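> Please model the entire structure based on the sequences and the hints provided.
Protein chains: 2
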Amino acid sequence: MSKPLSVGIAGLGTVGAGVAKLLRDNAGIIAARAGRPIVVTAVSSRDRAKDRGLAMAALRWHEDAVARAPDAAVDVVVEAIGGSEGPARSLVEATLAAGKPVVTANKALLALHGRALAALAEQHGVALGFEAAVAGGIPAIKALREGLAANQIRRVAGILNGTCNYILTEMRVRGLPFAEVLHQAQALGYAEADPSFDIDGVDAAHKLAILAALAFNRPVDFSELHVEGIRDISAVDIAMAEALGYRIKLLGIAERTDAGVSARVHPCMVPVDAPIARVDGVFNAVVAEGDAVGRVMLEGRGAGAGPTASAVVADLIDIARGRFSPVWGADTAALNAAVALPMHQHRGAYYLRLMVLDRPGVIADVTAVLRDAAISLESMLQRGRAPAGAVPVVLTTHECGEAAMQAALARLAALDSVLEKPALIRIETL
Amino acid sequence: MSKPLSVGIAGLGTVGAGVAKLLRDNAGIIAARAGRPIVVTAVSSRDRAKDRGLAMAALRWHEDAVARAPDAAVDVVVEAIGGSEGPARSLVEATLAAGKPVVTANKALLALHGRALAALAEQHGVALGFEAAVAGGIPAIKALREGLAANQIRRVAGILNGTCNYILTEMRVRGLPFAEVLHQAQALGYAEADPSFDIDGVDAAHKLAILAALAFNRPVDFSELHVEGIRDISAVDIAMAEALGYRIKLLGIAERTDAGVSARVHPCMVPVDAPIARVDGVFNAVVAEGDAVGRVMLEGRGAGAGPTASAVVADLIDIARGRFSPVWGADTAALNAAVALPMHQHRGAYYLRLMVLDRPGVIADVTAVLRDAAISLESMLQRGRAPAGAVPVVLTTHECGEAAMQAALARLAALDSVLEKPALIRIETL
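Residue numbers (my numbering), protein chains in the order written: chain P, 1 to 430; chain H, 1 to 430.
Each hint should be verified, as a subset may be incorrect.
To be verified - Computed footprint of chain H on chain P; a stretch qualifies when at least three of its residues, placed anywhere within it, have a C-beta under 8 Å from a C-beta of chain H:
(1) 26-39
(2) 128-138
(3) 147-158
(4) 162-175
(5) 293-302
Simulated from the structure, these hints should not be mistaken for lab results. Computed from a predicted model, the values in this text were never measured in an experiment. Glycine included, C-beta positions come from ideal geometry on N, C-alpha and C.
Structure representation (structure tokens):
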């Protein structure tokens, strides 16, 4: 058996400690599959004294991870510091520049600086592995970059944030309002104390930017993405979705047409019999549609120490075996330069919920606004009565343009009889 | 860009012609992802004159594929002849022995001769790609061999035969008997004129043998597998499954415990809310359970020219890029030698359906047989009456041993009041 692969781990939080534990616990099968042992020889962390259940006294410890990058005794660096700037970015740049491969779970770093990092890795001829950055242990990166590499990918979509999926699932199953479920999710550790990164869609958008770049061999400027979260999803919408045969999911969707590439994260109504509609709780799923392969769906746990370590170590095994893929699936010179399509050019079907005064003539006013915008209605539902009070009116449309819909929405919001900000959820078939 | 990868395709049926078309249609993105063009330079087929919609006049044609193996102008051979013996086997052996990589969709060849072919490929230091042999375009081989390589895989299971899944789905959705659905499937081209290879579970068993070998780094002797098909599944069983909260699926299941490795293909009752229960029609699915990653499911089309070509070309792109994996995930010296567990050592829960005379005392006789075999009942259901005629009695058991169950089944079949061969379906939670 060949010489061991020597690994330095920067950061010993959930990800870094999880990787060290997995390399220890499954050392035998990992060596068999990698063709040689993979051993941690150096670590860096702010807190050396903390008990992580790992025997690390014999390893080389570094206070300053960035200063260690050129350490000749380390073959590959696992960046587990986190954050798109600061020490994580500096370490990855310094390591690649020193001609050593890097493995990271850092989705923000890849989403925001992926284009430059890919160029740097290519310039120095080394790998940058980030399987763990998207959908935890699901091998979605490898599937897109290698497994489906013969296909023109038309669309890639996914449930990319387990916190949001857990909240939406609990709202539906238990009939609870958003704020209460969020509170419970925080108590259970499924949501952060400051949950905005998850529930406002930013985390899912980072992951979508990565998937889109791989699917279309085209790095995505993060500012091109349209991003909405789930804060405004109400129990009424969840119930109405059920009544209409849909489930509400926060999806990231990237599409490639002749006109260009679009990428968006927002709540969606998906038909209840679509495979992705049944992916519940903290599970993630990625759906890719290729011209030869058709629809492929991958499903599994999107977060946690075990799934994340599984993905990081898979990247290390690839490096140990010498299996190499360019960061975005093709060399820089062969990347695609398709234009980005802005959200106002999107076309699709919509669900609209208006809280209106329960009095005659309101529906006529509402439908007149839609008619004037050339938006064709598919269904209208008004359940319950509250004379002189507020009742929900739900409308679904046939396919129309986002720009027309937003203009109509503004006119609807301005009607005297419309009492709250209207809710808009896009209807998607996957 | 580097020198093109020169491909010889042996056999121009659905698979071979599909590969040639995909390499032509997606040549640009394939070259970008492979780092160099992949071009077909030689073909062999019995019928040169047939119109396949491909411009092949300029290629080198060979009548005898085996004789062509040492052709110096070909870098890699795609074996698309089929069959576990004869020219397919000879070609693959001759090509590997000549130090050239092979890509094939031939599940029978890998299932029956995988151990020897792996040794031959290793001896000559070349790749043997067979992503297309299991689950069509779903990158299941790559996921198990590379994506989940950091995990001890406890279990791998799947819906591996689209014909069976289509038949079982149609039986449930349309309430039709097996023979009628099979006939329709034949008319639609979803089943062969001689359907036994599919419906008796042989095709699924070939694929399961491959998945098990990869999951456990242990080639499986095909004779170790327990194989049952779906011929005996009746409309009554489909309806009873629904009543009990199950769906009937033909699954291949391989498990690894401290005692050894088991691999079996048979109809299963799976809970209706299990993700695999919802994989309907011609779709395939593979579920892997790893110690770090948890449960991962991959779903997609398991057959057809497009999905199969997608997988074959993915293997070609790996070869063009120099990405190499040992056939069974580890070098021969590092393969595992766990013992095979025979089916009579299996333990699980069971569904039993007996057609019995509708007269007092029959249930007492039946339950006495099970009590004597120390088999614990979970439920009993007898619906409908037919005094002095035959009625179905359905029983489900708690976990018990296969040997005890088979002994009890023989005693039940011998009871005067039991009118037909009892139906037995294993209950699985995935």
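> Compare the structure with each hint and give your call.
Status of the hints after comparison with the structure:
Residue count for the segment 26-39 of chain P with a Cβ under 8 Å from a Cβ of chain H: 8. That meets the three needed, and the coverage hint holds. Counting residues of the segment 128-138 of chain P whose C-beta sits closer than 8 Å to any C-beta of chain H gives 4, which meets the bar of three, so the coverage hint holds. Against chain H, the segment 147-158 of chain P contributes 6 residues with a C-beta closer than 8 Å to a partner C-beta. That satisfies the three-residue criterion, and the hint holds. Three residues within the 8 Å Cβ limit are the bar, and the segment 162-175 of chain P against chain H gives 0, so the coverage statement is violated.
Counting residues of the segment 293-302 of chain P whose beta carbon lies closer than 8 Å to any beta carbon of chain H gives 9, which reaches the threshold of three, so the coverage claim holds.
Checked against the numbered hints listed earlier, the structure breaks hint 4 alone; every other hint is satisfied.
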